[in-house]
Amino acid sequence: MQAGVDIDRLQRELEAIFGARRVSLRAVDLETYARDMWPRLLLGYREGHPAANRPHAIVWPEHVREVVAVIKLAREQRIPIVPYGGGSGVCGGAVPLFGGITIDTKRMQQVRAVHSAELICDVEAGLSGERFERELARRGYTFGHFPSSIYCSTVGGWLATRAAGQLSTKYGKVEDRCAGLTVVTGRGEVIETDGPSRALRGPSWTQLLLGSEGTLGVITSARLRLSPAPQLRVFRGFEIDDVGAGVAAIRRVLQKGLRPAVVRLYDELDTLMNSFSHPEAEAEAEAEPALAGPRPPVETGALPTWPGPPPEEPDGLVARLIGFAKGKHLRQAATHAALGKSQLVNRLVGTVAEKIARRGCRLIIGLEGARIRTEVEAALTFHELEVAGARDKGEDPGWAWLRKRYAVSYRMSPVFRDGAFVDTMEVASSWERLMDLYHSVRAAIGRHAVVMAHFSHGYADGCSIYFTFVGTADDAAGAERLYDAIWRDGLEATTRVGGTISHHHGVGLLKAPFMAGEHREAMAIFEAAKAALDPDGILNPGKMGLRGPRP
Amino acid sequence: MTLERELCDSVGAAHVEPLDARNWRVAPGSAAEVAEVIRRARTHKAAVHPIGAGGRPTRSTDDRARVHVATRRLDQVLQLDEMSLLVHAQAGLTGLDLERILGPRNLSIGDYPPGVLTSSLGGILAVRTPGKSSARHGFFEDAVVGVSAVLANGRSVHTRIAPRRSTGPDLARALCGSEGTIGFITSAVLRIHVRPEARLVAAYLLPSVDAAISAVYLALREEAAPSGLRIYDAPEAGVHYPGLALPAGHALLCAGTAGPTDLATCDRDLIASAVIAEGGETTDPALAELWWRRLHAGEPTPGPQPSLQVMATPSKVRAVYHAVVAELARLGGAARAHISRFDADGAVMFATLERGGAAADDEAVAAAERAAQVAGGWLLGARAHKLDAYLRALRDVLDPDRIMNPGTLA
Numbered sequence: 001m002q003a004g005v006d007i008d009r010l011q012r013e014l015e016a017i018f019g020a021r022r023v024s025l026r027a028v029d030l031e032t033y034a035r036d037m038w039p040r041l042l043l044g045y046r047e048g049h050p051a052a053n054r055p056h057a058i059v060w061p062e063h064v065r066e067v068v069a070v071i072k073l074a075r076e077q078r079i080p081i082v083p084y085g086g087g088s089g090v091c092g093g094a095v096p097l098f099g100g101i102t103i104d105t106k107r108m109q110q111v112r113a114v115h116s117a118e119l120i121c122d123v124e125a126g127l128s129g130e131r132f133e134r135e136l137a138r139r140g141y142t143f144g145h146f147p148s149s150i151y152c153s154t155v156g157g158w159l160a161t162r163a164a165g166q167l168s169t170k171y172g173k174v175e176d177r178c179a180g181l182t183v184v185t186g187r188g189e190v191i192e193t194d195g196p197s198r199a200l201r202g203p204s205w206t207q208l209l210l211g212s213e214g215t216l217g218v219i220t221s222a223r224l225r226l227s228p229a230p231q232l233r234v235f236r237g238f239e240i241d242d243v244g245a246g247v248a249a250i251r252r253v254l255q256k257g258l259r260p261a262v263v264r265l266y267d268e269l270d271t272l273m274n275s276f277s278h279p280e281a282e283a284e285a286e287a288e289p290a291l292a293g294p295r296p297p298v299e300t301g302a303l304p305t306w307p308g309p310p311p312e313e314p315d316g317l318v319a320r321l322i323g324f325a326k327g328k329h330l331r332q333a334a335t336h337a338a339l340g341k342s343q344l345v346n347r348l349v350g351t352v353a354e355k356i357a358r359r360g361c362r363l364i365i366g367l368e369g370a371r372i373r374t375e376v377e378a379a380l381t382f383h384e385l386e387v388a389g390a391r392d393k394g395e396d397p398g399w400a401w402l403r404k405r406y407a408v409s410y411r412m413s414p415v416f417r418d419g420a421f422v423d424t425m426e427v428a429s430s431w432e433r434l435m436d437l438y439h440s441v442r443a444a445i446g447r448h449a450v451v452m453a454h455f456s457h458g459y460a461d462g463c464s465i466y467f468t469f470v471g472t473a474d475d476a477a478g479a480e481r482l483y484d485a486i487w488r489d490g491l492e493a494t495t496r497v498g499g500t501i502s503h504h505h506g507v508g509l510l511k512a513p514f515m516a517g518e519h520r521e522a523m524a525i526f527e528a529a530k531a532a533l534d535p536d537g538i539l540n541p542g543k544m545g546l547r548g549p550r551p
Numbered sequence: 552m553t554l555e556r557e558l559c560d561s562v563g564a565a566h567v568e569p570l571d572a573r574n575w576r577v578a579p580g581s582a583a584e585v586a587e588v589i590r591r592a593r594t595h596k597a598a599v600h601p602i603g604a605g606g607r608p609t610r611s612t613d614d615r616a617r618v619h620v621a622t623r624r625l626d627q628v629l630q631l632d633e634m635s636l637l638v639h640a641q642a643g644l645t646g647l648d649l650e651r652i653l654g655p656r657n658l659s660i661g662d663y664p665p666g667v668l669t670s671s672l673g674g675i676l677a678v679r680t681p682g683k684s685s686a687r688h689g690f691f692e693d694a695v696v697g698v699s700a701v702l703a704n705g706r707s708v709h710t711r712i713a714p715r716r717s718t719g720p721d722l723a724r725a726l727c728g729s730e731g732t733i734g735f736i737t738s739a740v741l742r743i744h745v746r747p748e749a750r751l752v753a754a755y756l757l758p759s760v761d762a763a764i765s766a767v768y769l770a771l772r773e774e775a776a777p778s779g780l781r782i783y784d785a786p787e788a789g790v791h792y793p794g795l796a797l798p799a800g801h802a803l804l805c806a807g808t809a810g811p812t813d814l815a816t817c818d819r820d821l822i823a824s825a826v827i828a829e830g831g832e833t834t835d836p837a838l839a840e841l842w843w844r845r846l847h848a849g850e851p852t853p854g855p856q857p858s859l860q861v862m863a864t865p866s867k868v869r870a871v872y873h874a875v876v877a878e879l880a881r882l883g884g885a886a887r888a889h890i891s892r893f894d895a896d897g898a899v900m901f902a903t904l905e906r907g908g909a910a911a912d913d914e915a916v917a918a919a920e921r922a923a924q925v926a927g928g929w930l931l932g933a934r935a936h937k938l939d940a941y942l943r944a945l946r947d948v949l950d951p952d953r954i955m956n957p958g959t960l961a
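Those protein sequence lines, which keep their order, are chains C and V. Counting in the working numbering, the first sequence runs from 1 upward without gaps. Counting in the working numbering, the second sequence runs from 552 upward without gaps.
Since the hints were made in silico from the structure, they are not lab data. For each residue, glycine too, the CB sits at the ideal point set by N, CA and C. Where hints are given, some of them may not hold.
[Claimed, not checked] Here are some chain V residues the structure puts well away from chain C; computed CB gaps all over 12 Å:
1. R576
2. R593
3. D613
4. E650
5. P855
6. A877
[What the hints assert, rightly or not] Here are the computed lysine to aspartate or glutamate pairs in the EDC-like style, where the Cα-Cα straight-line distance is at most 16 Å:
7. C:K106 <-> C:E130
8. C:K256 <-> V:E748
9. V:K937 <-> C:E192
10. V:K596 <-> V:E557
11. C:K256 <-> V:E905
12. C:K72 <-> C:E189
13. C:K72 <-> C:D536
14. C:K106 <-> C:E62
15. C:K106 <-> C:D29
16. C:K256 <-> V:E633
17. V:K596 <-> V:D947
18. C:K256 <-> C:D418
19. V:K937 <-> C:E189
20. C:K393 <-> C:D536
21. C:K256 <-> C:E384
Could you put together the complete structure from these sequences and hints?
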């Protein structure tokens, strides 16, 4: 915690800006805003440990002028500012490492304008992803950004972390969809970047601020690019012999200039777990496609119906992994024993997966958009996949993925409840390095935990790999040590083969120690931007591997 | 030791050209030599000015020593990754140089305007203008995956190569557009493309410029992804196609599509449908073929260079066009224009202004510029000064002696 903060004075001055109802120093709120969804913090939380770093106060601004006022106040008093959106980050980016004032942006939640002729909208940073997309769908548009956290993340959080949605292959990552930002800098000044300004000379401030995770400024609103709501959506499942063949098939499609909305290739273990995750749906689909369930209506955009309360018996992919590893009915001790011998389990599971899943790896592909072009592009895409050796399994696996695609995010609790932990590592590289990246990171994580992977977010020049790992230890301290070792070895392997340490989850605290290896001498530019925009170092201090002054 | 001697030590005497007592033009042959030149310049607090293809040193207006660093010897492809469709090219290569290297491998930098072909890569990246936008690939900077540059302290930086990342700001994009003030770009990794299986071009006649603009945006909303689009008003068509007399008020639209044959055909048909919906019709395809040859095969375009280049967002393109035409008519002159560089942000209007039977005078051009701006247009090459204080602060950190292209973006 920040030493020497006059709490009474701070409260008075904050209440003068926000009124008493939009300021909180209550213990329950301070504890709540002490963390985001970084799994490492959940390890201690599970054991009932209090948060190590709590804010001094939380405020809920409704207008950019209030953000200006609180940053000026923080600057005067040399108190940290930590922006907070939905709290869904998984890297500790919203953890108030040195205390200070947490700015929850969720009361800045207006869609201010939709400019139909320009396919642009102006939106405030605290708007939840779900509400944003529903509002656009009502008007016949989509932002095209569908992260698995869409129900609990905000537009500002997406922009601050350079997030990716599940349909990024068509729509791009959030930085590809941003035409300008309104940001309050660490000097307490409002800046508006770019706008319709490719005519304007100078560096792109938008691209310099996107992904800065609150270290250069607090994003209060943004100008975002829209697309017409899709008229047609086509989904398919394919199988292909192995990961290498699948990667080559995806590359073939994307380098032909085809742009499916989503392509996901599951490695052998992930394919196996997937089939365990949805055995009923698969059986139904195979027996009678008509029973595979209703397809989400196109007019709601890509949002599904609300997933509802979690099932009493966890049936998600990760929970199945736990179930698989422990034989479902074995004692918890057996689970720990199995996960504790992760190399053996990885080898065994790999062999089993290979034998059971003789059919190879699962590949899900989907296209959406304007009717005529989507039809043509879908036919070409499916043809290219078949030429590459993929076997068409029909529409049902694709629609099954679409229906369940948000579910996994809400089904991790059972894993933690069972005494284990689960996390995901999303790295990326060019195609040339991709298989090296896959094998290196898989081996590095596999020394410590059970690991599986899928390839998604593909581009003409490369692809992201999304590793899911499950581990366990005897106590919280041991779990934290194991967790740290997994990330250390996984990210070192990534850097070694020339991949990037994060494709879309961001850096936060988790990857801060690896930023020097990621950017090397180029960190000097980031640090210069920090000094220019936040000379006192009050904005989200201690994050992203930045040096310099701290409050 | 004198700066000139140090420059000779850095790059070899054959590549140092004294321009006067305090100005030199040097041509380093590697990024390491660029770094050495900048380090030496820094010790003398001499200014470092990059010069790309066609660039010329400017004479000093003060007594500061200046080193004009030409990129022409940075002319190598450092790596070609055909699997990932990436090329790592040095800053002195022009787009045309790259096309010559990539072409035999059935690869291409893509369908960008001629300005990209004739400029050096370092120059294209260092200066941000919409004149390098492609309907098919977007803005040229979107093709940049990584940049290598030398900072004012002589240290080289190489941004990491990845298709996309979530590891902080895009530091490559901080260097692009900075006009050599943040760093001297020595090379870049670019996305490239397999040459398309099919290329189709078509020409359409529409009843008005407004109808042509509407047809373009209608087709783009149907997700057509053309490789090029250009709208000519009737007077401009008459100049670009001698002997062609469009009915007064009509417009000519030329469109190119490319890609897998079915997709290129689909895109062409989507554009044709949009044209029909706006009351237009297909016309002689030879017009479009000639347009394409002028863009990409070096065939000359008749007429003088446009006197006014204005960018406008999709909803403002019509207004900007009519405002400029009306203003010149009010001043007793005439404006003709073509509109191209369509992308998500809008399009660029290239207008040629005449008064009294000759190129419009400065007063008429200034009036047309004002009219375009009032209508919502943005003059190419304009500067937004609202963030200058932050740029100055950033440069204070990286370049406290202000050696990197001083006077630019100031």
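>> Taking the earlier hints as the rules, which of them does this structure contradict?
In response: Numbers 11, 18 and 20 - these are the hints that the structure violates, sorted from lowest upward.
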